[in-house]
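Since chain Z is already given, all that's left is putting chain B on it; use the hints.
Protein chains: 2
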Amino acid sequence: MAGSSPAMTRMMESTWTLHPQLALDTAPAGDLPLARVLLANDANYPWLILVPRKPGLVELIDLEENEQVQLLGEIANAARALKNITKCDKLNIAALGNQVPQLHVHVIARRRHDAAWPKPVWGAAAASSYDPVARERFLTTLRSGLQIQALRD
Amino acid sequence: MAGSSPAMTRMMESTWTLHPQLALDTAPAGDLPLARVLLANDANYPWLILVPRKPGLVELIDLEENEQVQLLGEIANAARALKNITKCDKLNIAALGNQVPQLHVHVIARRRHDAAWPKPVWGAAAASSYDPVARERFLTTLRSGLQIQALRD
Chain Z
1 MAGSSPAMTR MMESTWTLHP QLALDTAPAG DLPLARVLLA NDANYPWLIL
51 VPRKPGLVEL IDLEENEQVQ LLGEIANAAR ALKNITKCDK LNIAALGNQV
101 PQLHVHVIAR RRHDAAWPKP VWGAAAASSY DPVARERFLT TLRSGLQIQA
151 LRD
Chain B
1001 MAGSSPAMTR MMESTWTLHP QLALDTAPAG DLPLARVLLA NDANYPWLIL
1051 VPRKPGLVEL IDLEENEQVQ LLGEIANAAR ALKNITKCDK LNIAALGNQV
1101 PQLHVHVIAR RRHDAAWPKP VWGAAAASSY DPVARERFLT TLRSGLQIQA
1151 LRD
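Taken in order, these protein sequences are the chains called Z and B. Under the working numbering, the first sequence has 17 at position 17, and the numbering climbs by one with no breaks. Convert by adding 1000 to the 1-based position in the second sequence; the result is the number in the working numbering.
Hints are computed from structural coordinates only; laboratory data are not their basis. Think of the CB as a built atom: it goes at the ideal place given N, C-alpha and C, for glycine as much as any other residue. Hints should not be assumed to be uniformly reliable.
To be verified - Which chain B residues face chain Z? A few, computed with CB under 8 Å, are given here:
#, residue
1, E1059
2, L1060
3, V1069
4, A1079
5, K1090
6, A1094
7, L1096
8, G1097
9, P1118
10, K1119
Unchecked claim - Restraint ranges, calculated between C-beta atoms of paired labels, are given here:
#, chain 1, residue 1, chain 2, residue 2, range
11, Z, P132, B, R1143, 51 to 59 Å
12, B, V1100, Z, R135, 31 to 39 Å
13, Z, R143, B, V1133, 50 to 58 Å
14, Z, A127, B, P1101, 25 to 33 Å
Chain Z with its partners taken away, still in its complex shape (with noise of 0.2 Å):
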């Protein structure tokens, strides 16, 4: 599972931006070499974001088959960097989008105790808030377990 190059980067990125919902929603953690990994303003589930910064997405099947592959492998680091950090019962990974149009994964860690659980976690429970310590904890782990770095303003 191939990154993409800089060339390549940096052309995918010069017309795309997060959706203003998402950005609103999440604080970012970095990027991979497609997706910005986003985590979600909600501390009732360690719950990450991808999203591919690639424009005019809104289906995994409006990437092409390599870009695709490319995503599955950054949603499986995602997945296993989680399970290593939280020690969770179970991954739930999910592409909706039916409320935001530009296509973006859900990669969450459920816990048997967790507040929507057997439930899925959308509109099961209010968003609880961060600690922002406890949050900028978290957000240095998960770039340690995903080997990225803080975007730069």
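Same frame as chain Z, now just chain B:
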């Protein structure tokens, strides 16, 4: 995205059985090289479930990397077929498994006027029974789109 060899398929299937809850909630459409394709018993949404025919799987990342890529290809094929057949507004693709632990992937055709829109489908509306003739017609169209055959008893 190569298929499994017949020998590998036989070996996998020798110990794999479909989880009884999935069997209860669906009708079989047929087998792709890795995954069994099921149609959920809920006429509210054209709703496929793909189940890799390999025993002991819980998470997507329990699959070997080449099997993950194979499953992704089958998910993409199922998603394209479902979109072509239903002309849906959005695809929802998800591996949750909080209630049924056997790895299974939902591929759901969503419409802006369906019973749950814009919410996810799980728990949103009581399942609606298929008219048996409409269900058989949909399964036939689906088998044609996916180039799969009805399972033999």
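Now for the hints, and whether the structure bears them out:
1. For E1059 of chain B, the interface hint holds, the least distance from its beta-carbon to any beta-carbon of chain Z being 5 Å, beneath 8 Å.
2. At its closest, the beta carbon of L1060 of chain B sits 6 Å from a beta carbon of chain Z; the interface hint therefore holds under the 8 Å criterion.
3. The interface hint given for V1069 of chain B holds, since its Cβ lies 6 Å from the closest Cβ of chain Z, which is under the 8 Å cut-off.
4. Given hint, A1079 of chain B at the interface with chain Z, holds; its Cβ is 5 Å from that chain's nearest Cβ, closer than 8 Å.
5. Because the closest C-beta pair between K1090 of chain B and chain Z is about 6 Å apart, less than 8 Å, the hint holds.
6. At a threshold of 8 Å, the smallest CB-CB gap from A1094 of chain B to chain Z is about 4 Å, leaving the interface hint in force.
7. Below 8 Å, beta-carbon pairs count as interface contacts, and L1096 of chain B has one with chain Z at about 5 Å; its hint therefore holds.
8. A hinted interface residue such as G1097 of chain B counts as satisfied when its beta carbon comes closer than 8 Å to some beta carbon of chain Z; here the least separation is about 6 Å, so the hint holds.
9. Because the beta carbon of P1118 of chain B sits about 4 Å from the nearest beta carbon in chain Z, less than 8 Å, this interface hint is met.
10. Hint status for K1119 of chain B relative to chain Z: holds, with the closest Cβ pair at about 6 Å, below 8 Å.
11. Checking the proposed 51 to 59 Å range against P132 of chain Z and R1143 of chain B shows it holds: the Cβ atoms sit about 54 Å from each other.
12. Restraint check, V1100 of chain B to R135 of chain Z: a C-beta distance of roughly 32 Å satisfies the suggested window 31 to 39 Å.
13. As the Cβ distance of R143 of chain Z to V1133 of chain B is approximately 55 Å, the hint placing it in 50 to 58 Å holds.
14. Distance hint check for A127 of chain Z and P1101 of chain B: the Cβ-Cβ separation is about 27 Å, which falls inside the suggested range of 25 to 33 Å.
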